[in-house]
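**Student:** So the chains spell out like this:
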Amino acid sequence: MTDPMERGLTGYGYGRQPAPTRRPESANLADILERVLDKGIVIAGDIQVNLLDIELLTIKLRLVIASVDRAKEMGIDWWEHDPTLSSAAHREEIAAENRRLRERLAALEGEDEEERAEPELGRRDRRAVDRAARDEDEYDDHDRAYDHDDDYEEEPEPRGRRSPRRPPGEDDRG
Amino acid sequence: MDETAIYVYGIGRDLPAEAVAGVRGVAGAPVRALEAEGLTAVVSPVSLAEFGEDALRRNLEHLDWLEATARAHHAVVDAVAERGVIVPLGLATVYRNEDRARAALRERREEFARALARITGRTEWGVKIYADLAETAPRERKPAPADARPGTAYLRRRSAQRHDEEETRREILTLAGDVDDELCAIAATRRLHRPQDPQLSGERGWMILNAAYLVDDERAEDFRTAVARLAGTRPELRLQLTGPWAPYSFAAEEEAWTER
Numbered sequence: 067m068t069d070p071m072e073r074g075l076t077g078y079g080y081g082r083q084p085a086p087t088r089r090p091e092s093a094n095l096a097d098i099l100e101r102v103l104d105k106g107i108v109i110a111g112d113i114q115v116n117l118l119d120i121e122l123l124t125i126k127l128r129l130v131i132a133s134v135d136r137a138k139e140m141g142i143d144w145w146e147h148d149p150t151l152s153s154a155a156h157r158e159e160i161a162a163e164n165r166r167l168r169e170r171l172a173a174l175e176g177e178d179e180e181e182r183a184e185p186e187l188g189r190r191d192r193r194a195v196d197r198a199a200r201d202e203d204e205y206d207d208h209d210r211a212y213d214h215d216d217d218y219e220e221e222p223e224p225r226g227r228r229s230p231r232r233p234p235g236e237d238d239r240g
Numbered sequence: 024m025d026e027t028a029i030y031v032y033g034i035g036r037d038l039p040a041e042a043v044a045g046v047r048g049v050a051g052a053p054v055r056a057l058e059a060e061g062l063t064a065v066v067s068p069v070s071l072a073e074f075g076e077d078a079l080r081r082n083l084e085h086l087d088w089l090e091a092t093a094r095a096h097h098a099v100v101d102a103v104a105e106r107g108v109i110v111p112l113g114l115a116t117v118y119r120n121e122d123r124a125r126a127a128l129r130e131r132r133e134e135f136a137r138a139l140a141r142i143t144g145r146t147e148w149g150v151k152i153y154a155d156l157a158e159t160a161p162r163e164r165k166p167a168p169a170d171a172r173p174g175t176a177y178l179r180r181r182s183a184q185r186h187d188e189e190e191t192r193r194e195i196l197t198l199a200g201d202v203d204d205e206l207c208a209i210a211a212t213r214r215l216h217r218p219q220d221p222q223l224s225g226e227r228g229w230m231i232l233n234a235a236y237l238v239d240d241e242r243a244e245d246f247r248t249a250v251a252r253l254a255g256t257r258p259e260l261r262l263q264l265t266g267p268w269a270p271y272s273f274a275a276e277e278e279a280w281t282e283r
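Each protein sequence line maps, in turn, to chains C and V. Heads up, the first sequence is in my numbering, so the first residue is 67 and it goes up one at a time. Heads up, the second sequence is in my numbering, so the first residue is 24 and it goes up one at a time.
Extracted from the complex, chain C is given alone in its bound form (with noise of 0.2 Å):
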């Protein structure tokens, strides 16, 4: 991944290269949708739709699906405190939408899946952690249908992108 490290960094702020049509195209996908979700001031435009409300949410349950629980196992839960990514709002809107959001992302995996292929990259290393965030909850959450056999040790290659096994609302019960 190159990120714009690579260009010109020399004096100061945007020491680039003026170039009207250049395309940060090699800013990685994730950094910017956080910033353009997530940040960035937040104006009523004329044409509502509540980038919170809906669906988009499975973009930003994208990123977080997976490394919340990890990273609260890990200790790490500065988000939490962090008033515009913890509102009480926020929270009962995931709660809310917990389940129709999973069975609606498994969906959108599905269809991603085939147009592009996912790195590989990560999947391993992460599974190695990710289990220990699982652990505990597979056994108090018997009634949830997890999917298929990613649960345990042994997982059946190839999956592309891995739906997202756990609930993405866990981050409303702390």
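Heads up, none of these hints are tricks.
Residues of chain V clear of chain C, computed beta-carbon distances all greater than 10 Å: (1) D37; (2) L38; (3) E205; (4) T212; (5) L253.
Chain V regions said to be covered by chain C (calculated; three or more residues, Cβ under 8 Å): (6) 74-81; (7) 130-141.
Because the hints were derived from the structure by calculation, they are not lab data. Each residue gets a CB set at the ideal place from its N, CA and C atoms; glycine is no exception.
Guided by the hints, dock chain V onto chain C, whose structure is given.
**Tutor:** Chain V only, in chain C's frame:
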């Protein structure tokens, strides 16, 4: 194009005329500057067939569409930020027409002015810290007693493993905290993002910190040097610096920030 609306990317002030020259926005539309109240809205026309309420709601559900739109949004913000100061707006801020967009500028004029003051002369840098925990903490697992039921054995095994991992995690968290402290000392402020899903970031390992630092431009070099130095002296951690970014993470009002 069919019926159009106005997409607003961000708000600037005293933008040079060439700041938006040749810049293309979402759907490849030409970007222009819309002046009102001493502020400049950076806008482009969009089709209501794509950005009308229903269409937008639908489109946002498609990752490909979202990605293209987010990248186009970012490209405009980035291009303008290179040549002037811009407060980025959230994705898909759309008005029926120019008058409505100008009215929004008027209405929020003071907030924009404050945001512009906050970010002028400063640039956002992103720093992510990863640790490859699986590699740094390979611990052996004790075999479960033969009589243990599979579930019990599993839990037992996990419990032992987690205890070991816990210590490693603590050490790594402390190291990462030190890095953050040093960077905060250079930055004007910093703001935290959630950890990213590796599927989106394409990164391996455990993301410990995902932070944005707002750095005075004259300290940008110090900041980057510090990141490189910290990365070099802490092999347990992997630091990733991104930027310069338009100050997305610092556009919102102060109460929305996470101050140290």
